[in-house]
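Fit chains D and V with the ligands to the given chain E structure using the hints.
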Amino acid sequence: MAHQWGMVIDLDRCTGCAACVVACHAENNISTVGEDQAARGRAKHWIRVERYYEGEFPDVRVKFMPVLCQQCDAAPCEPVCPTFASYHTIEGLNGQVYNRCIGTRYCANACPYNVRFFNFYNPEWDKPLNLQLNPDVSVRSVGIMEKCTFCVQRIKASEIQAEAEKRAVKDGEIQPACVQSCSPHAMVFGDLSDPQSEVSRLARSSRGTKLLGELGTQPKVTYLQRESWHGAENA
Amino acid sequence: MERRDFLKISAATGAVAALEGCGNPDHQLIRFVPEEDMLPGLATWKPSICTLCPAGCGMLVRVMQGEAEVVRNGQLGILKMGLPKKLEGNPAHPISHGRLCPRGQAGLQVTYHPDRIKTPLARSGPRGSGQFQEITWDEAMKQLLSHLTALQTSNEQGKIGFLTSPLRGQRKTIVHGFAAALKAAPPIEFAFLASRTIQEANAWSFGSDALPTVDLSHSNYLISFGADFLGTWNSPVAQSVGYGHMRNGRTGQPGKFVQVESRISQTGASADEWIPSQPGMDGVFALSLAHVILSEKLGTAGAAGHAGALIAGWSEGLPDYAPAAVEKQIGVPAATISRIAREAAANAPAVALIGDGPAAHTNGFFNALAVNALNAVLGSVGKPGGIVFSPVWTSQSGKPGAAEGKKDGESSVRTLAEQIHATPDSVKVLLVDGANPVFATPMAWRVREAFEKVPFIASFGSFIDETTVLADLILPDHSPLESWLDDSPESGSTKTVASLAPPAMQPLHNTRSMPDVLLDLAHQLGGPVAAALPWKTYDDALKIAFSSLQKQKGSVSATDADDFWTKVKDQGGWWSAEDKSVSLAAGKIPAAAVKNTAPQFDGSPDQFPFHFLPFASQLCYDGSLAHLPWMQESPDPLSTVMWGTWVEMNPRTAEKLAIKQGDTIEVASQHGSLRAPALIAPGIAPDVIAMPIGQGHTNFTRYASGRGANPISILAPMVESGTGSLAWAATRVKISHISEGKIVMFGASLTDASPELKHR
Amino acid sequence: MAQKTPEQINEDLLRPLSGTSGRYLIVLAFLAGIVIAALCSFFWQVYAGLGVSGLRSPVFWGFYITNFVFWIGLSHAGTLISAILRLANATWRRPVTRCAEVITVFALSIGATFPVIHLGRPWLAFWLFPYPSERGIWPNIRSPLLWDFFAINTYLISSVTFLLLPMLPDLALVRDRAAGWKKKVYSVLALGWTGTPKQWNRLERAMHIMAIAVIPVAVSVHSIVSWDFAMAPVPMWHSTIFAPYFVAGAIFSGIAALILAMACLRKFLHLEEYLLPIHFENLGKLLLVMSLLWFYFVFAERLTAWYGNDPSEMTVFWVTQTGSFSPLFWLMVLCNFVIPFPLLAIKKTRTILGTSIASVTVVIGMWLERYLIIVPSLSHKYLPYSWGTYRPTWVELTITAGTFAAMVMLYMIFSKLVPIISIWELKVGLREEAHPAPALAPSHTQPNEVGAD
Ligand SMILES: Nc1nc2c(c(=O)[nH]1)N[C@H]1C(S)=C(S)[C@@H](COP(=O)(O)OP(=O)(O)OC[C@H]3O[C@@H](n4cnc5c(=O)[nH]c(N)nc54)[C@H](O)[C@@H]3O)O[C@H]1N2
Ligand SMILES: Nc1nc2c(c(=O)[nH]1)N[C@H]1C(S)=C(S)[C@@H](COP(=O)(O)OP(=O)(O)OC[C@H]3O[C@@H](n4cnc5c(=O)[nH]c(N)nc54)[C@H](O)[C@@H]3O)O[C@H]1N2
Ligand code: SF4
Ligand code: SF4
Ligand code: SF4
Ligand code: SF4
Ligand code: SF4
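Chains as they are written, first to last, in the working numbering: chain E, 1 to 235; chain D, 236 to 995; chain V, 996 to 1448.
Next up, chain E with everything else stripped away, as it sits in the complex:
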């Protein structure tokens, strides 16, 4: 069976530090759009850390929730795409073929998670910032939809390496950039088709939930809910 790549995000561990956000920019050649465009809702963050305040001062709580493409198995963004630019790969990823995209933005409307980002202008890098661009990832032109790929270039690199060494990909061998950067180890990536993998084990946790799972999108990201401290109070 083909790998089924998935992710677990432990909300109990996530500190909202945003390292994943910057790591994704660095890895995936996501261009910055500048203040004016950011103000007009054109900033692109393939992963964002959603922040929700609860309650009123002084009983305030904050929740952080990193949201990236959930690589849905029943992805609403896929059937609506007229050119097959948004499609499902054999390894269960929601692939995005930039060359095929004509920019209807239908997929972005259909995605319940709002994780698809559109290039309203051609991306620009003030020289020599362009030297940073990752040659393993294509740069997206104007008029094209882009989104988290689960760092497919890293997945492929590891698969090719493993094949060259005539072995299976090891659990934990592949780390998308966001996972790699996460200091409190809130994110775990791996193969859901392997019941022994860390991601599979964590995904089965009783704390596990799917974001908007009720919509039937069958996301491959599992969120582990926060636990309230149940220690010895008034001991």
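Take these hints with a grain of salt, some might be off.
Here are the in silico distance ranges between beta carbons for each label pair [what the hints assert, rightly or not]:
no.: 1; chain 1: V; residue 1: Ile1236; chain 2: D; residue 2: Pro326; range: 52 to 58 Å
no.: 2; chain 1: V; residue 1: Leu1082; chain 2: E; residue 2: Glu124; range: 30 to 36 Å
no.: 3; chain 1: D; residue 1: Glu687; chain 2: V; residue 2: Ile1031; range: 56 to 62 Å
no.: 4; chain 1: D; residue 1: Glu302; chain 2: E; residue 2: Glu124; range: 16 to 22 Å
no.: 5; chain 1: D; residue 1: Asp798; chain 2: E; residue 2: Ala164; range: 28 to 34 Å
no.: 6; chain 1: E; residue 1: Arg204; chain 2: V; residue 2: Glu1129; range: 30 to 36 Å
no.: 7; chain 1: D; residue 1: Ala559; chain 2: V; residue 2: Trp1301; range: 48 to 54 Å
no.: 8; chain 1: V; residue 1: Ile1031; chain 2: D; residue 2: Glu369; range: 47 to 53 Å
no.: 9; chain 1: V; residue 1: Phe1038; chain 2: D; residue 2: Asp805; range: 53 to 59 Å
no.: 10; chain 1: V; residue 1: Trp1389; chain 2: E; residue 2: Arg204; range: 34 to 40 Å
no.: 11; chain 1: E; residue 1: Glu124; chain 2: D; residue 2: Leu380; range: 41 to 47 Å
no.: 12; chain 1: V; residue 1: Glu1129; chain 2: D; residue 2: Glu302; range: 31 to 37 Å
no.: 13; chain 1: V; residue 1: Trp1301; chain 2: D; residue 2: Glu975; range: 43 to 49 Å
no.: 14; chain 1: V; residue 1: Ala1120; chain 2: E; residue 2: Pro135; range: 28 to 34 Å
Partial selection, computed: residues in chain D whose CB lies under 7 Å from chain E [unchecked claim]:
no.: 15; residue: Ala303
no.: 16; residue: Glu323
no.: 17; residue: Leu335
no.: 18; residue: Gln340
no.: 19; residue: Tyr347
no.: 20; residue: Asp507
no.: 21; residue: Trp865
no.: 22; residue: Leu873
For the record, the hints were derived by calculation from the structure and aren't laboratory data.
Owing to the predicted nature of the structure, the values given are computational and were not obtained by experimental measurement.
Even for Gly, the Cβ is constructed at its ideal location relative to N, Cα and C.
Quick look at chains D and V with the ligands alone, frame taken from chain E:
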């Protein structure tokens, strides 16, 4: 149109198009011979060190072959070279554990920044105008040398000042060695977030003039007094790794995390229990907890040892700090205080932290001592799950200047400015490296005005910033990725860490490594200066220094010196084999036990009704990273603001003053005022106004200049009474509504009472 | 109309073709100016990127798709209404059908440009076409956008046919009266119509087949347009009511457009004696029925959402009922129901003026309805953190204005080229009044008889 005209025109445009194709200088660049042996498409990983904050995380740099436009020997051309593409934590490094914070991730943009200073510059316009002309390194060195020798001959070397960012390792050895040999004034190491008060308190309580290493992965209970330990304070990556472990990474009970502060920080956002308290009352809170522990016999006064004995009333069980007596002062119910104390005592190992904010009050030193005493009575000092002090590898080069002198706080810049204002002649040459006090000190200190009086300023800066723009001569340093680096972090690991990194890439521009420039200067100055700095290059100095580690038990075992050197370079440093914390000496014995004095605030409460709380920005840090587009465009974790700043206030405060989200408001202290957009958020006390540090640069590259406002500028020159550090949390302000405004937020606000929210 | 002779009919209805006034040219130039401005805006958008529009995350569809749905909706005026009236053999339809069918063709053509205008890479729009690409890549037939492509093309072809077929006798009439190059042009357009009984017979049969066939096509078109929305799991889009709701709304706005077009033609082409109050009255009644139907659909849609109380739907619900979109929502209710209902229900106000006023508000209201279906939902999807707002820029405003100008312009030009009221059908009407007969066309016509009258 005549047919002939048409032909003429099309011929002409055709020719222009053809010329444009070939005439584009991009296509005419000379191809330099590739300097490096890299396989196209294949990545290599090189160790390096993150220098963007004092934590000193070890990194790995992903380097791939690429083509860069570079100038070599005055010629512009294309060079196939190894280019860093991604920074990641070095998994072998005891501080980063293979991780980096968002700032560390963005370090690449320092190297590739379009506004880097690419070649030596000499001032060509009035001072501060930003007009410079390009000069050669020979000219630059000659100019600097002539200023130094002039003072040498007139025997005024003492009038040479050296202002740097905090230094460690061999860089420190060379800078201090250079200054000492030159008989210049001792270098001043400036940083806004220097944590001087906490270090000093630790010296008193525990005999270690350093920030603690927090062993969170073994803690069961954590009380943090305003320490943004998951964001910016101390060693955030190491602490976050430990925190993840404490939350959910081990079998058994996850630890509880209590955060005490008056504005919810990114760190406080993760707390199990968030307790707002009155500004400056953290020491009282800590001692009230200690009172409960002592009075309920959950711990003994003697167990706190010296750290406890320092506190007035400790041995009597802190009678003045009964929760019921202090609850009003702290702003926390007595029942909560008692409960926290009991929980902490019951869930050993329990640990308390104090951050820079609580220490930045006029009684900050006392606050820090009190938290130290609490830690001591909780039995968490030097224990797993508590705080320990890391054995720091001090310079082993055996050369003068290497000795660890007294650490500087930001207040030494104030002293310097005062000195210049008092005797304008007292500093004739000022060398600046990495520090930007013109931005990061209150206007009331008049640092800019002082520097303007200095006859000659030379900067080693990579960017024009508010301080470097005043320079007469700029000798641009390499970026960290282009440099040899070494570091010996003071906290973050229980191992002794000596990080080392060779350059990860060839220099892009016509820059030179600052330590090499100093060594070169020393050789040209000759005499005792040259003798004091005998190394030919910086890496020679590093090699010699590191060779002393070969005999110690550590992460590298080598057959000979060269082998050792190679392995240390490959690994990104050396760290000791065993976890070892410094054995704690009794600290200073004061004449009398330390008593709390109520925190003082600048400005009367009726005229200036709000406490003003600046805080370090998770992305722009202390402002030194505001020039990186990734840091500007990444949403702040709490406010989600991009490309700007904000003034955070409670919804009730906003309602009272009829301020709406994003409105421009004016914040005024007795010492200045600023304008910024309002951010209405529930996680802040109604009498507190908070503002991130980082924006408000007048002159700091295209991405940061003229953006937002700088909260440091309006701070009152209040000082911490024990250490003389800036009490940057001791200013009161008033606010007034100016106009409608704009705030760029990535997340839709959940705090405005839109009808759609009411129904959710 | 009994008092009109066939000669008078010819005279009156061919008059607009014979000359243009200065006023006509000024208006035409003004409209052309707007259209050119819109074209320039579009090319600027193609050159600079869609960033020049007000679209943004998460409101990826705005004015353009609003206009798309609006114009496609408006196109239901003609062909559908005319087909129904033809099948029902409503005799009062005769002066009305052609101006209705023209609306369809133009509105549809204009509407169909928007899916291209709104593309990020419009130069690749042809990838939506199923053509045998050398790479063997076909478009995704699962995508409602593909269904749109087929539906709109089918509808366009059939409505053009439906317009052209009954135009042939009149084109032949114009041909016979014209001279010079005009004669040549009309000869080509008339497709050799001579009015033989065989031709009449075939025309009659073809019209009958078309009238039946075009109804399901029209219904399917707006159903499919509705499915662009209903197929996506977006709050308040994902609803089974959308197809009939959209079709009803389309007919609603279509009738209003027709009334407006008739009122303008009546005034500017001096057709007071052909487009009679009774036509407005009858269409007004239809509009009244559609207004009630529209109100019912809106009510039903909202009631089920409210009763179901799904949080994400309720967000959009309240945003439109009482939140930031409520002024537009209540304006829409005012335009589509509160104003037209009494105007159309009271016989006294169901006049030409009354129905025209009602139609103006309905056209505005139906545009707002399309906007309110699209934007509030997109700006308030499931995760509140990612909510957003939308404001159009001058580019979208200009392009929108350009399409309205284009519609009027095309209509004006058309009415100068082809008799906007079917001459032969009026004549048939005259004859039927004399000798009532159920047949569509006179069976006893001689070659070219109609033209020679
Ligand atoms: N001067 C110069 N000329 C060269 C070369 C060179 O190095 N220099 N290289 C040569 C070589 S090696 C090659 S392979 C050729 C390549 O030459 P081309 O085959 O012309 O390749 P592209 O320029 O990539 O253009 C392919 C086109 O397909 C479009 N496209 C992308 N996806 C689809 C799709 O799904 N359907 C359709 N219909 N179109 C699609 C793209 O937008 C683009 O317009 O050029 C050759 N010519
Ligand atoms: N961005 C982008 N990437 C592409 C494509 C694209 O259109 N755009 N096209 C793709 C396609 S279709 C192709 S075929 C590939 C082509 O990719 P490459 O095969 O990399 O093609 P080039 O870059 O044209 O040439 C490679 C190198 O060969 C050198 N060279 C020329 N002649 C000789 C010779 O006689 N001997 C030797 N040893 N070296 C020589 C050139 O100087 C150049 O450095 O690129 C693919 N990648
Ligand atoms: S890096 Fe990890 S901890 Fe930080 S915001 Fe992302 S998921 Fe959360
Ligand atoms: S999260 Fe959105 S973009 Fe990703 S697969 Fe699901 S629907 Fe598609
Ligand atoms: S925007 Fe691109 S990927 Fe999305 S539906 Fe349209 S063509 Fe497909
Ligand atoms: S998996 Fe890769 S592409 Fe996706 S959010 Fe993480 S870093 Fe970005
Ligand atoms: S904490 Fe962040 S900025 Fe500081 S050294 Fe580590 S990675 Fe760099």
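Hints and how they fare:
1. Ile1236(V) - Pro326(D): 52 to 58 Å: Cβ of Ile1236(V) to Cβ of Pro326(D): about 57 Å, so the range 52 to 58 Å holds.
2. Leu1082(V) - Glu124(E): 30 to 36 Å: Hint violated: Cβ distance 59 Å, outside 30 to 36 Å.
3. Glu687(D) - Ile1031(V): 56 to 62 Å: holds, 59 Å
4. Glu302(D) - Glu124(E): 16 to 22 Å: holds, 19 Å
5. Asp798(D) - Ala164(E): 28 to 34 Å: holds, 30 Å
6. Arg204(E) - Glu1129(V): 30 to 36 Å: About 48 Å separates the Cβ atoms of Arg204(E) and Glu1129(V), which means 30 to 36 Å is violated.
7. Ala559(D) - Trp1301(V): 48 to 54 Å: holds, 52 Å
8. Ile1031(V) - Glu369(D): 47 to 53 Å: Because 50 Å falls inside the window, the suggested range holds.
9. Phe1038(V) - Asp805(D): 53 to 59 Å: holds, 57 Å
10. Trp1389(V) - Arg204(E): 34 to 40 Å: Roughly 54 Å apart at Cβ, these two residues miss the hinted range, so it is violated.
11. Glu124(E) - Leu380(D): 41 to 47 Å: holds, 42 Å
12. Glu1129(V) - Glu302(D): 31 to 37 Å: For Glu302(D) against Glu1129(V), whose Cβ atoms are near 33 Å apart, the range 31 to 37 Å holds.
13. Trp1301(V) - Glu975(D): 43 to 49 Å: With a Cβ separation near 35 Å, Trp1301(V) and Glu975(D) fall outside 43 to 49 Å, so the hint is violated.
14. Ala1120(V) - Pro135(E): 28 to 34 Å: holds, 31 Å
15. Ala303: For Ala303(D), the interface hint holds, since the closest Cβ of chain E sits about 6 Å away, which is under 7 Å.
16. Glu323: Holds. Min distance 6 Å.
17. Leu335: holds, 6 Å
18. Gln340: holds, 4 Å
19. Tyr347: This interface hint holds because 5 Å falls under the 7 Å limit.
20. Asp507: holds, 4 Å
21. Trp865: At 5 Å from the nearest chain E Cβ, Trp865(D) passes the 7 Å test, so the hint holds.
22. Leu873: This interface hint holds because 6 Å falls under the 7 Å limit.
Checked against the numbered hints given earlier, this structure breaks hints 2, 6, 10, 13; the rest are met.
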